[in-house]
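If you read the sequences in order, they're chains P and L. Residue 113 in this note's numbering sits at position 113 of the first sequence; the count goes up by one each step and never skips. Residue 522 in this note's numbering sits at position 522 of the second sequence; the count goes up by one each step and never skips.
Every clue listed holds true.
Which stretches of chain P does chain L cover? Using the computed rule of at least three CB atoms under 8 angstroms from a CB of chain L, they are:
#1 8-16
#2 21-31
#3 36-44
#4 131-139
It should be emphasised that the hints constitute simulated quantities derived from the structure, not laboratory data. Note that this is a predicted model, so its numbers are computed, not measured. The C-beta atom is built at its ideal place from N, Cα and C for all residues, glycine as well.
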Amino acid sequence: MRYGMAIDTLKCVGCADCVVACQTENKVPIGYCRDWITETVDGTYPLVEVELRSERCNHCENSPCVRCCPTGASHIIEGGIVLVTPEACIGCSACIESCPYDARYTHPSGHVDKCTFCHHRVEKGLNTACTSVCPTHCIYFGDLDNPRSDVSLALKNRKYKALAPEAGTGPQIFYLI
Amino acid sequence: MEKSRRNFIKVSALGVGGAMALGSSWNLVNASVFDSSKGEEVLSSEGKKLKRYPTYCEVCFWKCAGWVYLDEEGGIEKIIGNEKDTHCEGRLCPRGTGGVGMFSDPDRLKTPLIRVKKEDGDIFQEASWEEALDLIASKFSGIKEKYGAPSVALLKHGSPGKHFEHLFKAFGSDTIGEPAYAQCRGPREEGWAATFGGWVGSPEPTDIRDTKCLVLIGSHIGENMHNSQVQEMAQAIDKGSCIITVDPRMSTAATKSKYWLPIKPSTDIALLLAWMHVIIYDELYDAKHIEQNTHGFEELKKHVQTFTPEWAYGHTTIKPDVIRKTAHEMANAAPAVIVHPGRHVAWYGDDTQRGRAIAILNGLLGSWGKRGGFYLKESISVPKYPHPKYPHPKWDWKDLAKDYPMAKMGLTQEVIRASIPSEAGEHQVKAWLVAGTNLPKTIPNKAILKKAMEAVEFIAVVDTMPMDIVQHADVVLPECTYLERYDGIRSAANRTPSIALRMPARKPMYDSKPAWWIAKQLGERMGLGDYFNYNDYSEVIDWQLQQMGSSLEEMQHKGVKNFPRKSGSPYYQDGETIKLKTNTGKIELYSTELAALGFDPMPVFTKHPEPDPGFYRLIYGRAPMHTFSRTSNNANLSDLMDTNSLWMNPKTANVWGFSAGQEVYLKNQDGIISEFPIKIRVTERMRWDSVYMVHGFGHSNRKLTRAFGHGISDTDMITNVSIDPIMGGTGMRGNFVTFLTEKPEEAES
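Here chain P stands alone, though its shape is the one from the complex (with noise of 0.2 angstroms):
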C-alpha cells in the first residue's frame, strides 16, 4: 500500500477551500498552512499559461527529512505517510532545510508540523479533509497500488507531473496537467 494523491491543475481554481479545510480539521493555528496555493505565470499578455496548484508535503519515498531527522521524530508509517511526532521532535529545524517542497514549518508549541494525510481520517476509510472538501474535485487520493483507486484511475488516462522530480526524492503527489 502507497498513499498518493493526484491534484488536477486544469480545475483546480485557486480558492484555498483545502486550506482551511485542513485548518478546520487539523486544528493548524492561524497563521499557519499544511496545504497552501501556488500560482505560475508563463508568457507575456495576452499569451499567457498560468497553472493553480494545491501543494502540501509529498509524503516521498525517498525523504530527506526522515534521514536527517537527528530523534526519529519525523518517520514513515504503513502506507508510505510521513509523519511528526511532537513529543519527540526538538524543533531543530534540519528537517525543515532538507525538505524540497518548503512543506514543513515549526508550529507555536515548539515541534515541527506538516500535511500528515489526515492519517487520522484515512485509517478510517475517509478521504482527506482536503480532499472531501474540494469544491471543483479535483484533488484524488487513494492507494497507489491499487489500480482502482481514485487517484489510480485519475492518473490512470493523463499527462501528469511530480514538482522537483530532480530532487530525487520520489514525490507520491502528482499533478495532472
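Mind docking chain L on chain P? Use the hints.
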C-alpha cells in the same frame, strides 16, 4: 475632529471583554473524524462527542446548506456541506468552511451600543437591550408621527433583511433598498426580463454541467465562488466543454478556457453585437427556432448588419477571426450553450442593454430551456405566516425611483439621496435602519453617502461585526451569527425544488441576538405586536413546514428536503414552443417594452470615456475566500488573504519604475486619494491600460483588528458613477486612477 451633528467614531468604547477564546483552545492532536457522507453524531479522536446541527450558510448569498459540528463545550468544530443540497452537493466553498471564523471572532459586536456626545468627540457607550430598543422605537415612532412612516428607511442585505422588511412594512414604510439590486445584478435582471419575460434570479439556472460551450463575459466563476456553478464548471472541464472567457484580466476562468478574449474594457456590447452579426449573417442559427420562438429577428438582422467583427475589432481589440471562430463555437454547440448572464454587472450605465445583448445572444442560440443551456427552474413557495394586512405607505421606494421606469426594487442610492434635505425633494428620508450591509464599502460616491449620513436624524445599525457603517450609527445592535439563530426557510429554485433549515447550533455568544428577535422587540415597542404573533421564530418555521408537508422536527434532522418537480421536464423538447411572459409571449430580440418606454429596443454600442495619460481604468472583482467587505476580519479567511493588491502589467510597472510589492496610494480622476496604501502585484495577467484589485478591503474601523488598514477600498475610489437610465443601476467601472508613491498629507477618508 470635524464638527458635525454625528461625528464619525474612530476610537470608541466598543464592547469589551467576555471573549470565550473558543478558537484558540484547539489542541493540535485533537483531530476529529467526519465526512459529509457520515452520520449525525460523531466522536473526535479524543472521544469528544460532536453533535451536528443543520444550517444554510450566510457567509455569502448562495445559501449552501451545511452541517455545523458542535462539541460538548459549545465550541464550533467544523462546518461542512449537506450532501443532499443542490447548492453545494456536500461541499462548501472556502468561505463556508471558514464560517467558523465568523463565530469565533473576538472582534464581534458584543453588546448594544448607544452614541454619547462628548466634548472631544462622540463615543459609544454600552447599553442594555431595553435601552437600545426603547431608543430606536421612540425615534422611529417620533419620525413617523412628524414626517410619516415612509421617512424611516431600511437598507439591508441577507437573511436579517427579511425580518426587518416585515417590521418596516408593518410600520408603514416600504422605503427599502438593498445594494444587491442597483449596485449589483439589477441591470441584468431587467435586461433579461425585457428579453425572456422574467429575471434570471439566484442561483442562475445555467445548466453548466451539461453544456458544450460556456461563455463568460465579465463573469469570474472560480473567483466568485458561486458554489454549484464552480462545481459544474469543473464537470464541464472534465467533459472537454469549450469555455470562452471575455475579460481584460486573465481571470481564473480565463486560465481554464479554450479561448480567452482580452477585451478592451467598456467595449463588451461591441463584441456581443459582432457575435450576433456573425451568427445571423453566417446563418448559424436554427431558422425554425427563430421563426417559432422569437420576435423581431428581421429588425435585429438589420440592426447588426454593420456590426461586423472588423468593426468590433477597432473597439474591442479582439481580432476579427477570433470573434468569428468563437461565434462558430457557440453556434456549433447550440442549443447546449450558455452565454452567462454575469452577476455584478453595474459597470458603465448601459448595463441593462449589455444584459439584453447577452440575453439576445442566448435567444439567437436557442439555449433557453435547453439541456446544456438554461434549465427551467422550479421552487416551492413558503406559505406566509398569518399577520394583519400591511398598511399602504403614503409613498415608497417607487416614488424615489420614478426617473427609472424599469426599476423593480428599491434603489439604495436614491434612498440615500432622499436623505439629503433639498427644496425639490418631496419625499424626505429622516432615519435609517441598516442591517447586514456595510454601506461605505458598497455605495459609490462616498461624498453623497457622507452627506446623507450627516443629514438624517437617526441611524440604527444591526450587524455581527464592527463594520465601517457602525461608526456612523446612533445605536448599534449586535446580531448573533447565522450559526446561533433561526432564520427564514431557504426555498431554492433549482432543477428540483428544495428547502433548507437554519437553526441555532448553540446559544448566541456575548449579548448578541437574532434579527427576528430584534424585529419583534422593535415591533412590539412601536405598537405592532399583532404582526409578531409568536414567542420564538421556530414557531413560524414549524407552522410553515407543516403547511408544506414537513415539520421543524423533520428538518432539524435532515436540514434539506428535496421535492419532486411539478412543472414537468426542466427542458423543452425539440420543436416545443417556448412560453414566456413578454408582451409578445416570445423571446423579444426587439423589445416592445423598451420601445414603448422610449429606450433603444435593441442594444447599441456607445463609446465610454477613456483615461487621460498617466491614468488607468480601475477594475475590481472578487476573491474566492471573501464576500464583499464582510469577511476581511474573519481569522480563517484573512489567513488566506489578508489584503488586496493592485494588479499591474509589467509594462505599466516599468513605465513608472515600480517593483512588485511596492506600496502606492491611488488618486482618481476627481482627486480622491486612497485612505491607505496598496501593494503592487506585477503580473502578466493584467492589461496595461487598467489596474485591478479585489473588492472589500481598506476597512477604516480600528475595531476590526485584523482588517483595519489592510489594502484599500475600491469603493472609495469610485466617484464617477454612470446611472443606468432604464433601471437606475450605478455603473462603477468608469473611474481612472494614477499612483502616488509618497503618503499624501491628508488622505481622503
